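> Here is what each chain is made of, one letter per residue.
Number of protein chains: 6
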Amino acid sequence: MKKHPPDEQHTDTEMLKVEVNLDDTPGEWLGYVMDKLFEAGANDVYYTPIYMKKNRPAVLLQLLCNKKQFDQLKEILLAETTTLGIRYYPLTVFRMERQTRIVQTKWGEISVKEGLQNGEVIKASPEYEDCRKIAEKYQIPLKDVYSEIWRLV
Amino acid sequence: MKKHPPDEQHTDTEMLKVEVNLDDTPGEWLGYVMDKLFEAGANDVYYTPIYMKKNRPAVLLQLLCNKKQFDQLKEILLAETTTLGIRYYPLTVFRMERQTRIVQTKWGEISVKEGLQNGEVIKASPEYEDCRKIAEKYQIPLKDVYSEIWRLV
Amino acid sequence: MKKHPPDEQHTDTEMLKVEVNLDDTPGEWLGYVMDKLFEAGANDVYYTPIYMKKNRPAVLLQLLCNKKQFDQLKEILLAETTTLGIRYYPLTVFRMERQTRIVQTKWGEISVKEGLQNGEVIKASPEYEDCRKIAEKYQIPLKDVYSEIWRLV
Amino acid sequence: MKKHPPDEQHTDTEMLKVEVNLDDTPGEWLGYVMDKLFEAGANDVYYTPIYMKKNRPAVLLQLLCNKKQFDQLKEILLAETTTLGIRYYPLTVFRMERQTRIVQTKWGEISVKEGLQNGEVIKASPEYEDCRKIAEKYQIPLKDVYSEIWRLV
Amino acid sequence: MKKHPPDEQHTDTEMLKVEVNLDDTPGEWLGYVMDKLFEAGANDVYYTPIYMKKNRPAVLLQLLCNKKQFDQLKEILLAETTTLGIRYYPLTVFRMERQTRIVQTKWGEISVKEGLQNGEVIKASPEYEDCRKIAEKYQIPLKDVYSEIWRLV
Amino acid sequence: MKKHPPDEQHTDTEMLKVEVNLDDTPGEWLGYVMDKLFEAGANDVYYTPIYMKKNRPAVLLQLLCNKKQFDQLKEILLAETTTLGIRYYPLTVFRMERQTRIVQTKWGEISVKEGLQNGEVIKASPEYEDCRKIAEKYQIPLKDVYSEIWRLV
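Protein chains in written order, with the working numbering: chain A, 36 to 188; chain B, 36 to 188; chain C, 36 to 188; chain D, 36 to 188; chain E, 36 to 188; chain F, 36 to 188.
Source of the hints: derived by calculation from the structure; they are not laboratory data. Quick caveat: nothing in here was measured; it's all calculated off a predicted structure. A couple of the hints might just be wrong.
Same chains, same names: a pair is fine if it fits in one copy or spans any two.
Quick list of in silico lysine-lysine cross-link-like pairs, DSBU-like style, CA-CA up to 30 Å [to be verified]: (1) Lys109 / Lys88; (2) Lys141 / Lys102; (3) Lys71 / Lys103; (4) Lys141 / Lys168; (5) Lys52 / Lys102; (6) Lys141 / Lys52; (7) Lys141 / Lys103; (8) Lys89 / Lys103; (9) Lys89 / Lys141; (10) Lys102 / Lys71; (11) Lys89 / Lys148; (12) Lys172 / Lys89; (13) Lys109 / Lys52; (14) Lys168 / Lys103; (15) Lys71 / Lys172; (16) Lys71 / Lys52; (17) Lys172 / Lys141.
So here's chain A without its partners, still in its complex pose:
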């Protein structure tokens, strides 16, 4: 398999979606499970509310990962949730060319992730953690930090 530098446009055919239905794991544990799965290298983890049999409000856990990570993430799911089964299927991921740019604001530097198409920047997302830290340090609304960056990019 050819290896792509992570930032160039490419199509990744080595990804899996992994799913588990949970009707007897308390919500309290699920915040913890999400953190553990991210730490272990999941590309994304998210919850969807579902309705299961016998009037049970429940949760569908979905995660995206590289095939090579599956075994490790499976172990976490088995150890940390109540499920006895884990289902998965392959998917393809198209990823835009991307680059990180440092924007100088009046409060300091903020990273902005940019998406490029045909060499042109078509979208820009300020790094949330950078914005959050500035909002907290200067006691200003997070919204104002984002607004300032939108003015500058």
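Fit chains B, C, D, E and F to the supplied structure of chain A, relying on the hints for placement.
Below, chains B, C, D, E and F without anything else, positioned relative to chain A:
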């Protein structure tokens, strides 16, 4: 307080909405809790998916009841869920004039609940349990039972 | 009751929230009902997914309106949905001082609704319909229209 | 590949499901994106509420399309949303035999889409747009238009 | 294909996920459909709230089944819902080694399903129906029945 | 107004529910807003997925607070979200008698919050943060920490 016969149009000012947020009660128990609350006289019980702090998918339990039923329903919520607090507020309920009509179908009788306005029937709902029993007895789609009734009313 | 000019900061004590649980109205009708309720003057209408008894995925319709509009909106709910009952309770609404400003972009004028506190603009929302029309006329992403305005305000 | 007339029962093996998780695209834009995707030929587009990391309520956009449409729809997703990646996987679609029938009502003609199995009509859906127009023209509840058709089919 | 005894750890490559979007099937029917699909052998059935075009709150029905069951379940979906199309894709299911153990409580026997890894029990789920029956018979909270079992296993 | 010690059973009549509909605040900001509202003293904050006009997936923010906290929380909502209006209504909260007990486990001490009725403990919730820290320190599943406590209480 004046008492209304249950089927006449009236405005009920003696109702409460009761709410509990649940992030550590497993979904499996919640189907059971719903049944218990209906048995004890709740007018309605329903679940809404919510997102609570620390990334917890959780459930908002809401129930509607008469003020006189509150104490009994509160006991069930305290006994059967993990909550330590229960919140509630009064609401007003407008109820249409309603009557039940028996419709004769090729498979037998089905009750239809009708809503009236100014003495005129403006809506008709076949009784779900009657339709379900016929669908199961005659091994026909539930949809076909409803269609037949819509043709007759 | 004192009348406020609509744009000044004020607290409105004449509002109601109206609610209906719907487990036998098809989703297809509900888009239509929403339009009718807005046309008749509802301040807001929105749907929440709920889980009702007997494993029924259902919908909670909520609307906000002035007390004077209640009767008319009630008629629509009774005529257009399958419900036989409508519940409601009063609420208070705090509304910020607001003003509309016209922003001149390279594609034409766009209205921007501004929220003020202590005489200072603290937030600005481009008018969606203005942005949509420009995006469609010039065949540019809606996102780019918003970005341009954020640069200008 | 053999081409099927669109109305005959067939199994389509050329379909894709395309997915994007969105935690920084405002809801306001997503109504617009849905319209653009339908205009460009998506078979279906729908949103699911999800919970992402860091306590973010977010939206999963899913769309169904023919493989040949993927490139065009991908361009719209990249241009109109904030995502940097798009995932997809093939699926198979079984489609019933279907036909359109014109039903004559007291208010005019309404198309009804019928589903057939073994040559027999087993379901019938009135065309929403036809029903909506009649409901608006004659100022009658949409529900009554559907009821009338159910009586006739 | 090699056949596994159902309780040993194994990876099942013969499963399908089947999906239907429903915007004109009333919620009332969907509880019934779920029961029918389970009776006919579906491994799991669950509903997810979705938002479809034209402001329609709708429901995504998903079911998991063995490929051999697909035809029978397809017939139920076509007969009992309003859909004209059914989509599906294969998935792989990893299943833990499991065993059932009978736990003796002060109220009688309760089955507990245990999940094993490397021969060691790493999770235990009391059988819901056993617990429910005891809770109802002895008029004790379901929560207390579970607590008692957690003390014993 | 009589003041209750916080741990005794009491009915609190000084609470408000505050609500905001958000269709143009990105999900990314909402995780931040939740933290700010908790820091400022909200009793609870939670998000519900809703569907608003023009096909917009949106979010209902709800918070519970004492009337005295309303002004401060209102300022945060106005500063950190895009809303121009905030609605609220009073509610009553019943709170069980509660006490905190320290449970000695093989890994160290864990607080358990207990709910009492007529002087008897009827429910017990281990403190999540205590359990999380032990799970991380000893690299054991969170589930096992809870199981151990359930065995001891």
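> Next step is simple, just say for each hint if it's right about the structure.
For each hint, the structure was consulted:
1. Lys109 / Lys88: This pair counts as both: shortest intra-copy Cα distance 25 Å, inter-copy 19 Å.
2. Lys141 / Lys102: neither (43 Å within a copy, 37 Å between copies)
3. Lys71 / Lys103: Intra 17 Å, inter 37 Å, cutoff 30 Å: intra-copy only.
4. Lys141 / Lys168: Cα proximity of Lys141 and Lys168: one copy only (14 Å, versus 35 Å across).
5. Lys52 / Lys102: For Lys52 and Lys102, the Cα distance is within 30 Å both inside one copy (9 Å) and across copies (20 Å).
6. Lys141 / Lys52: Neither: 42 Å inside a copy, 38 Å across copies.
7. Lys141 / Lys103: neither (43 Å within a copy, 36 Å between copies)
8. Lys89 / Lys103: between (37 Å within a copy, 26 Å between copies)
9. Lys89 / Lys141: Between. Shortest inter-copy distance 26 Å satisfies the 30 Å Cα cut-off; intra-copy 56 Å does not.
10. Lys102 / Lys71: within (18 Å within a copy, 34 Å between copies)
11. Lys89 / Lys148: between (45 Å within a copy, 18 Å between copies)
12. Lys172 / Lys89: between (49 Å within a copy, 19 Å between copies)
13. Lys109 / Lys52: The answer is both: 12 Å in one copy and 20 Å across copies each meet 30 Å.
14. Lys168 / Lys103: between (34 Å within a copy, 29 Å between copies)
15. Lys71 / Lys172: both (28 Å within a copy, 13 Å between copies)
16. Lys71 / Lys52: both (17 Å within a copy, 27 Å between copies)
17. Lys172 / Lys141: Within one copy, since 13 Å is at most 30 Å while 36 Å is not.
Hints 2, 6 and 7, counting from the list given before, are not met by this structure.
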